[in-house]
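Student: Sequence:
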Amino acid sequence: MNYQIDNKGFYGEFGGAYIPELLRKNIDELENAYLDILESEDFKSEYARLLDNYVGRPTPLTFATNLSAKYQTQIYLKREDLNHTGAHKINNTIGQILLAKHLGKKRIIAETGAGQHGVATATVCALFGLECVVHMGALDVERQAPNVARMQMLGATVIPATSGNQTLKDATNEAIRDWIANPHSFYLIGSVVGPHPYPDMVSRLQSIISEEIKEQLVKEQDKQNPDCVIACVGGGSNAAGAFYHFLDEKEVDLIAVEAAGKGIDTSETAATITIGTTGFIHGSKTLLMQDDDGQIIEPYSISAGLDYPGVGPIHAHLAKTGRVKYISATDEDALKAAKVLALNEGIIPALESAHALAALDKIQFKKDEVIVVIVSGRGDKDMETYMNNL
1 MNYQIDNKGF YGEFGGAYIP ELLRKNIDEL ENAYLDILES EDFKSEYARL LDNYVGRPTP
61 LTFATNLSAK YQTQIYLKRE DLNHTGAHKI NNTIGQILLA KHLGKKRIIA ETGAGQHGVA
121 TATVCALFGL ECVVHMGALD VERQAPNVAR MQMLGATVIP ATSGNQTLKD ATNEAIRDWI
181 ANPHSFYLIG SVVGPHPYPD MVSRLQSIIS EEIKEQLVKE QDKQNPDCVI ACVGGGSNAA
241 GAFYHFLDEK EVDLIAVEAA GKGIDTSETA ATITIGTTGF IHGSKTLLMQ DDDGQIIEPY
301 SISAGLDYPG VGPIHAHLAK TGRVKYISAT DEDALKAAKV LALNEGIIPA LESAHALAAL
361 DKIQFKKDEV IVVIVSGRGD KDMETYMNNL
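In this note's numbering, the protein residues as written are 1 to 390.
Check each hint, because a few of them may be wrong.
What the hints assert, rightly or not - Each computed PhoX-like pair below joins lysine-lysine, with the alpha-carbon atoms no more than 20 Å apart:
1. Lys262 x Lys336
2. Lys262 x Lys362
3. Lys70 x Lys320
4. Lys320 x Lys250
5. Lys101 x Lys25
6. Lys262 x Lys339
It is worth saying that the hints were derived from the structure and are not from the lab.
Make the full structure from the sequences, and use the hints.
Tutor: Pasting the structure below:
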């Protein structure tokens, strides 16, 4: 079974580039250039240098002594929360800003939900002296105020999206409209979503996560492969990166955790793969939450980074082929898991990451199994939500 993208930009039946004609030139330019740039020695050396001495990679693979005792298995935490800017998002923005630089782009557009991608984009734009415009749902602007302040301090213009339910989907809509109106710009997408080649490009840039896990487990366990890797999934970039180098390793179980919100049997959920159907969103054919007429069903999650009504086409393919097991965790599950990690390991995770940790209560592991959970971001941005709900 092939889990990688084909030469037409599809993962199985999912993917492609369903875009307005006005963006065809931009997408063609990117598609024709991205692989040559990513595989060039100049890019590789500069990307590696920045990950090392700016981002702070490799991130630790921390043995969670107390969690391991609690759940009677061997649990390791991949600490993406210790990256500069506090999440895995910087892995992608560093790579894409170098790509934009190679293409001669001066104005950068981004969308953001929880604000972590917006902060990471504003950070690299400041580093390279480029104009930065971030579209963010008006609701998310309110509930992620610390990240909005960080973006603005870094010099970004933050534009609230006031359509729809004023969250990530709507921010993405506005970012695409901005790109159509300003085709000289570079759209720096934050997840494995959107038209080809973005899902493949972001997956490759985030694959540093699984690359490091392999290297670190050799030191920890004298083997490259864990028994299981667990990651949260909204659009799905941290999960795509965490799974990337294990996709062909059939002995490694891969588990992705979606946001069930108030329950998959309610109207307030964001569990796309669990309840979604095939359709088109933001330039890609994938699974999404839609009604019988193909209209988007507004998602809900306590986590601003997981309430997206679609999912990256790589995840739609991995779900359909059965390579990855997709489960869901409610708001309540995530809040409980965050508290367990904080009280047992002294680590406060992002609400997104707390969904991945919630899997530990849902799956029975064996004592000798090695489980890696991706802590995709730190919980600073979510402290108000935690305080209001715990």
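Student: So, for every hint listed, does it hold in this structure?
Tutor: Hints, one by one, checked against the model:
1. The hinted pair formed by lysine 262 and lysine 336 meets the criterion: a straight-line CA distance of about 14 Å does not exceed 20 Å.
2. This hinted pair checks out: lysine 262 and lysine 362 have alpha carbons roughly 17 Å apart, not beyond 20 Å.
3. Under the criterion of a C-alpha separation no larger than 20 Å, the hint pairing lysine 70 with lysine 320 is inconsistent with the structure, at around 33 Å.
4. A threshold of 20 Å between alpha carbons decides the hint, and for lysine 320 with lysine 250 the separation of about 16 Å falls inside it, so the pair holds.
5. This hinted pair checks out: lysine 101 and lysine 25 have alpha carbons roughly 18 Å apart, not beyond 20 Å.
6. Annotation: proposed proximity of lysine 262 to lysine 339 holds, straight-line Cα distance about 18 Å (limit 20 Å).
Hint compliance for this structure: hint 3 alone is broken.
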